[in-house]
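Visitor: Here is how the chains run, residue by residue.
Protein chains: 6
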Amino acid sequence: MTVTVSRKAHFNAAHRLFRSDWDDAKNEEVFGKCNNPFYHGHNYDLIVHVTGEIDKKTGYVMDMKVLKDIIKAEIEDAFDHKNLNEQVPEFKDLIPTAENIAVVIWEKLRPHISSDKKLEVTLYETPRNYVVYKG
Amino acid sequence: MTVTVSRKAHFNAAHRLFRSDWDDAKNEEVFGKCNNPFYHGHNYDLIVHVTGEIDKKTGYVMDMKVLKDIIKAEIEDAFDHKNLNEQVPEFKDLIPTAENIAVVIWEKLRPHISSDKKLEVTLYETPRNYVVYKG
Amino acid sequence: MTVTVSRKAHFNAAHRLFRSDWDDAKNEEVFGKCNNPFYHGHNYDLIVHVTGEIDKKTGYVMDMKVLKDIIKAEIEDAFDHKNLNEQVPEFKDLIPTAENIAVVIWEKLRPHISSDKKLEVTLYETPRNYVVYKG
Amino acid sequence: MTVTVSRKAHFNAAHRLFRSDWDDAKNEEVFGKCNNPFYHGHNYDLIVHVTGEIDKKTGYVMDMKVLKDIIKAEIEDAFDHKNLNEQVPEFKDLIPTAENIAVVIWEKLRPHISSDKKLEVTLYETPRNYVVYKG
Amino acid sequence: MTVTVSRKAHFNAAHRLFRSDWDDAKNEEVFGKCNNPFYHGHNYDLIVHVTGEIDKKTGYVMDMKVLKDIIKAEIEDAFDHKNLNEQVPEFKDLIPTAENIAVVIWEKLRPHISSDKKLEVTLYETPRNYVVYKG
Amino acid sequence: MTVTVSRKAHFNAAHRLFRSDWDDAKNEEVFGKCNNPFYHGHNYDLIVHVTGEIDKKTGYVMDMKVLKDIIKAEIEDAFDHKNLNEQVPEFKDLIPTAENIAVVIWEKLRPHISSDKKLEVTLYETPRNYVVYKG
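Residue numbers (the numbering used here), protein chains in the order written: chain A, 12 to 146; chain B, 12 to 146; chain C, 12 to 146; chain D, 12 to 146; chain E, 12 to 146; chain F, 12 to 146.
Each hint should be verified, as a subset may be incorrect.
One copy or any two copies: either way a pair holds, since identical chains are not told apart in the list.
As the list claims (entries may be wrong) - Here are the simulated lysine to aspartate or glutamate pairs, EDC-like style, with alpha carbons at most 16 Å apart:
#1 K103 with D32
#2 K76 with E39
#3 K19 with E85
#4 K44 with E87
#5 K128 with E64
#6 K19 with D91
#7 K145 with D88
#8 K129 with E87
#9 K119 with D88
#10 K44 with D74
#11 K128 with E118
#12 K145 with E97
#13 K19 with E87
#14 K76 with D91
#15 K103 with E64
#16 K145 with E118
#17 K103 with E40
#18 K119 with E131
#19 K83 with D56
#20 K119 with E101
#21 K103 with D56
Simulated from the structure, these hints should not be mistaken for lab results.
Just so it is clear, the structure is predicted and the values come from calculations on it, not from any experiment.
With the hints as constraints, model all of the structure from the sequences given.
Guide: Listed below in structure tokens is the structure:
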């Protein structure tokens with residue numbers, strides 16, 4: 012019996028969307044006010060979904076407390092109250108759009124979830140905009 | 012890397028469920044209080060999901076601002092503060108159930124989303140009832 | 012020990028804002044798209060607040076099940092799936108703005124709440140607009 | 012045209028996670044504070060999803076009022092304000108984890124949904140933890 | 012400049028409403044299904060409100076991190092995953108209605124909030140029922 | 012008949028809590044990770060409450076569309092996608108704590124709301140932390 016278990020987490024961060032190989036006019040045209048050189052920020056809401064068989068002994072697909080601790084160690088401690096462009100190495104050469112942040116989160120979590128389980132990441136940048144990455 | 016981006020929107024409208032080729036008793040039996048001839052209404056919450064590859068240059072699957080503007084032009088301007096039965100041509104001969112409204116929204120949006128992307132529509136009629144149409 | 016207990020309820024209705032003693036241009040100017048003669052509608056979310064002393068015997072300010080039943084009988088059964096202008100007598104000569112609906116709800120509930128308790132009504136017309144009336 | 016319709020419901024219950032064939036230390040190690048022998052509880056939020064073709068006559072995949080009544084009869088009346096371990100027969104020999112509760116709900120609902128329709132169940136144990144079972 | 016700062020927290024617990032000095036029929040009549048001798052439970056959502064002057068130096072009424080830690084130590088650690096009737100001493104002779112739980116929380120927090128500040132407690136028993144106690 | 016009407020709005024911004032007249036150790040001690048020199052950010056949710064008499068002619072305390080436009084012009088256009096410390100003049104010498112932001116918003120809105128009405132501001136810094144300022 013295959014079930015998906017989901018756990019919510021959150022972090023607050025600053026970011027800016029721009030490419031250093033584009034001039035200001037091009038960055039402004041593509042990224043609009045998200046290109047503000049002084050940054051802006053969001054309360055990111057993260058949902059991590061793990062799909063697998065129910066363990067007959069425990070009734071768990073995965074212990075949610077363990078999943079919570081992995082999310083805290085890998086994502087919240089690395090991203091919370093940070094400037095994603097300046098202080099999170101994964102975004103040194105990668106634009107921190109919601110899409111790219113979701114991919115980075117998926118890649119950081121994947122090694123910590125057993126390989127017989129499917130991993131999916133939902134990331135809310137605002138309550139009105141969100142993205143999903145399934146690997 | 013395939014990601015789904017989702018954007019929320021909303022509109023308020025009046026509607027009524029009934030078939031002119033059924034008599035009152037039959038309409039009452041099937042549609043109950045949704046058949047009220049004086050109409051009732053809802054705050055519809057709409058989520059539009061677009062799935063595609065991340066553009067390497069922009070980090071976007073699709074510019075959310077562009078998606079927001081398409082939803083406004085095609086759906087909000089056409090449906091908001093309207094009587095769906097009387098004032099929205101698509102429902103002249105189609106019962107405006109949540110299911111049918113979702114299909115109409117999908118069909119109105121599809122030509123405006125590039126054909127290499129998948130489109131999906133979630134429509135909340137109330138916070139307790141919602142429908143999903145994937146085309 | 013004075014405590015406020017609050018109970019949520021909801022109803023869906025159609026309405027229209029206009030005055031029959033104003034011409035179309037004046038109604039349009041003041042009420043904009045809320046003046047649509049074919050009506051529009053909302054999912055109204057209602058919160059009823061009752062403030063009073065905790066009954067030492069029961070630990071209740073008021074039995075929430077009783078409050079729920081009063082709201083159903085007086086408000087939900089009267090307003091749900093109705094056209095407020097055409098089918099709810101209180102709005103025969105009163106514009107069904109959120110403000111006026113909240114006052115009408117308060118007046119309909121007041122006789123059913125014991126007089127040593129304070130009554131307050133919160134009414135959400137949309138998740139972004141709401142009103143509060145305290146009598 | 013295949014559409015998924017979803018209906019929310021809820022119930023409050025007490026439960027405890029433990030195995031009678033494990034000793035206290037083992038139960039404590041695996042289930043932590045969820046193993047409290049005096050029980051704890053949750054407000055469970057349930058979303059039932061039914062996928063099928065839109066009926067051309069009614070515009071419905073399934074009458075939501077009928078779905079609401081099935082959920083009430085099969086799930087809410089059986090689980091609400093109950094102790095899942097002690098008072099719900101399905102959990103006599105099955106640990107009431109969110110995963111197992113979702114499977115039990117799916118199995119209780121399946122015979123009542125016509126066999127040409129797909130059934131899916133989402134169960135929130137808390138606003139931060141939820142599970143999905145698709146059969 | 013007087014501002015109210017509010018902090019949300021939550022705990023899950025089991026409880027039962029009954030009086031040992033009433034017989035079963037009387038308990039059933041007053042408390043209905045909340046009287047279930049095997050208990051039921053809730054996800055309680057708590058909001059603690061502190062009102063005071065803004066400290067000119069810090070721009071804070073009160074450090075929210077400090078408030079969060081007080082709520083954790085005094086309330087979450089004491090109530091979470093507990094049976095309120097059996098395992099929380101304050102309810103040994105006090106019925107754990109939402110009203111009484113809010114009063115107990117207020118009394119447990121009051122000594123830890125500086126006396127020049129006003130304290131208020133909002134407690135959600137379910138998303139549809141909540142209570143407020145202002146001392 | 013006095014009613015309070017409330018309108019929700021939102022803006023995303025970066026900020027940092029620190030005093031230039033304190034050294035790094037003191038800023039770190041008081042403001043913790045909110046002192047990050049590279050900034051972090053939030054999705055601020057704003058609710059503006061206006062209390063006054065219902066206008067007998069319109070049924071409005073205040074036209075919500077007018078209130079929405081005032082909030083957009085005075086607050087959203089000034090704060091959205093901005094760095095509060097660097098780009099919003101009111102915070103040049105004022106720490107942008109939630110408390111101070113709420114006071115600044117109130118002072119910016121007050122001249123635009125007629126003086127016979129009461130103004131109140133609720134500001135969510137995160138879904139778990141919020142402040143209220145009543146002037």
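Visitor: Check the structure against each numbered hint from earlier and tell me which ones fail, lowest number first.
Guide: Per hint list: 7, 8, 12, 15, 17 and 21 violated.
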